[in-house]
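Engineer: Chain by chain, the residues:
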Amino acid sequence: MQIIIVGCGKVGKTLAEQLDREGHNIVLVDISASKLADASNAFDVMGVVGNGASFTVQKEAGVEDADLLIAVTGADELNLLCCLIAKKAGKCHTIARVRNPLYNAESSFLKEQLGLSMIINPELAAAMEIFKLLRFPSAMKIDTFAKGKVELLKFKVKPELKIDGWQVSWLVVRLKCNILVCGVERNEKITIPNGNFILQNGDTVTILATPKQAQEFFKKIGIKTHQVRNTLIVGGGTIGYYLAKQLLDIKIPVRIIESNKTRCEALSELLPEAMVIHGDGTNQELLFREGLKQAESLVAITNMDEENLLLSLFAQKHSRAKTIAKVNRITFNDVIDSLDIGSVVYPKNITADCITQYVRGMQNSMGSNVETLYKILENQAEALEFAIRDHSPVVDVPIMELNLKENLLISCITHQGNIMIPRGQDRIHVGDRVVVVTTQSRLHDIRDILKR
Amino acid sequence: MNGSIILYILGVILNVEAILMVLPCIVALVYGEPELWAFLFTMTLCLVVGVPLSIWRGRHKRAFYTREGFVAVALSWIILSFMGALPFVFSGAIPHLIDAVFEAVSGFTTTGASILPEVESLPRCVLFWRSFTHWIGGMGVLVLILSILPLAGGYNMSLMKAESPGPSVSKLVPRVRSTAKILYGMYLLITVIQFLFLLVGKMPVFEALTTAFGTAGTGGFGVKNDSMASYSPYLQNVVTIFMILFGVNFNAYFFIFTKRPKQIFKMEELRYYLGIIAAAIVVIAFNIRSFFPTLGKAFQQAAFQVASIITTTGFATTDFDLWPAVSKTILVMLMFVGACAGSTGGGIKVSRLVILLKTIKKEISLFLHPQSVKKINMDGKSIGDEVVNSVNVFIITYFIIFSFSVLLMGFDELDLVTNFTAVAATLNNIGPGFGLVGPTQNFGIFTDSSKLILIFDMLAGRLEIIPLLLLFVPETWKKF
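From first to last, the protein sequence lines are chains A and B.
Under the numbering used here, the first residue of the first sequence is numbered 372, with each subsequent residue one higher.
Under the numbering used here, the first residue of the second sequence is numbered 53, with each subsequent residue one higher.
The following block holds chain A by itself, in its conformation from the complex (with noise of 0.2 Å):
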């Protein structure tokens, strides 16, 4: 497809790279030239120089023969007059980035009166992403399928879960547990396991089940698997805002620790029922007066990347709760991986991997059929939901007798409204969703699961 990138900060780079890798016609645009300079030397991509809102420039990044725009500059305002002006000019799908709370509480009217296709705020999308995180504090990341029936969930095993050394057939053998191992990370190495792998402490596990199996999994390994009954947040940003508003909505106690005065007192005022604690995060006194030793769960979300990971260091050592950080520019993620660091967010890759999804959602109308993907086990694997459609090669044939690829996992079975863990002897219906879990890029459509 043809999309034009408006705004080539963090998220435009991160969504340019990922579109471009999955094989779409990329077009930048940005005042700054260095900055295009920069993205077009890393990625395939074509730069044009100048205000994204000017339809001059939008005419010269090809908005007429564009499928899609995305607008993510800083400004809301551009983004959403970007969005306008390429919506007049050509025939184009557009989406636009706002992070003002004010205008997203009016997202539902922007994006009917506006025609745009898709309002992102980045800042909510990374406090769900939290807020998911500790609902269910025991894995490591997590991401939803079939609309929220299916989830994909990480975690590490640790000595003290007893699984060192079993076979991964025996968690379903043993445990009598429906659930699938889809990915195992061991030194940075990833491996899609059949059933005679061996599992190892210090393994990260991906694995694939519906919530309620996945809660007992947990259970019977020895992870509690309750929701945190309170949290500490140190950075009372915009996410911090979102992220509390949700967590006092299902009643879990909130103590934000923010060293703005004045935003301490908007805080206080927006959110009458949270405990807004005035003072520096990293002052070690203040966070053991304010309980991080009884905490459940500490989410470090200040402006400092680095400051938010020796904050998660530091609750990892002195308490035993669930830790969350966010990194928002620093990029040695394999470094960051090998810390025992808890969960950690990546606010610009939420964004961009929410565009991408719908990016692929698009495709799916103009010939592709992947209804959802998630990047997971470090970007190297995909997860990839597919709708069954009309009869193919893959359909009404007993999974164990279809000729897959190498790498490949079929994981998850809707089969009218039920969700099934596939075994060898079942079959793939017309209607059905299906998701697969891979290694190999670029499927487009569940015929691409097959050898050729």
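Careful, some of the hints might be misleading.
From the structure, some residues in chain B lie toward chain A, with a derived Cβ separation under 10 Å [stated by the list, open to error]:
no.: 1; residue: Ser210
no.: 2; residue: Gly218
no.: 3; residue: Ser222
no.: 4; residue: Val228
no.: 5; residue: Tyr305
no.: 6; residue: Ser442
FYI, nobody ran anything at the bench for these hints, they're computed from the structure.
Note that the Cβ used here is the ideal one computed from N, Cα and C, for glycine as well.
Starting from the known structure of chain A, arrange chain B on it as the hints suggest.
Structural biologist: For chain B alone, kept in the frame of chain A given last:
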């Protein structure tokens, strides 16, 4: 330095060259010439080295940055020229190796300077290969490879940057591969159109082909001893027009093909380019009026020579070495101007000179208004300081290389005009100069060492100096 990716690219280059040699083989078969084996032998050599290199490559060392891109391009051109010279040696057309390499480099760099005193006795297949190298070199062999080969990653843009002429290179469409395909498509199309026009003028098919190749690449090798002099005025005029067309930035044609012809009028470089051509033709035509029976004839001859020199093609219809000093000086000046950026022509490029002139204007106005702030505009958009800087550095480097080449040539004890114009004609990829290398002469008079200097100049001119100079910087070859 990632050696394995460079070796891989070199391997692919050799394979592509072997495939391209199929065409002269066909010519040899058509005319039943025994020199066929020279090409077959060279093809085998190319494949023996190229195939293993292109199949083997370091699995985990795919990282590919600007440095690798520039080095790969420079080495590609050297190896391409060397292998391209072998058929001349094997066929006995040019037995001396350095002469053969000179001829091949002159072909690929679209210079068109020849060491051969006469060409009409050469086998057809060799003549065809000579002209065909112009066509390959004109748009660039790396661009050809980019359009065929799916090289992963965004860094393949650095290959294109290193090979395409001009101060800044932009893509036509988001993907490098599609951009390369479009460029070659337009190149091929315009070449075919010229070929048809030449056929209409009753030029024999073989000559029409080689002339079209020579014009398209702005090369200048002819298949006749008198270059273009013996052709009818119609044919000469066709060549004149197409030389000018191939000296235009290919973006202009892209605008036509994408139905945005209005954009062409915004191309400042094109306006200057056409303006310079028109002015030069008028001045020269009146200056050489007495040489021709009518003013019209003078205009026609002036137009051909001006187009030939400014686009750095190097065809000739008359011995302009006999013209008056003013005309000769204008032609020498045009040698340095060169064609538009993003065309197949050589030289400094009109856009660089325009930027330079604007810089001078800006600096002068700084004396009058010391605190004024001014950006340099091109095509209605301000261009960054780094582009201005790179233009300045390019021109300075260019003249340093120029003067040192002239200095070193001096040891041959030939006259200054010959040396000066020989370097100008090779560094700007034109072909003929003045004096002993004038349009009716050839480069065979030089010693081997001078020829090597000129070979370097031709490559430096085609690759716009920097990629070639990188090879001589020790830093390039260091591991860290």
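Engineer: Checking each numbered hint in turn, tell me which of them this model violates, lowest number first.
Structural biologist: The structure conflicts with hints 2, 5 and 6, although it agrees with all the remaining ones.
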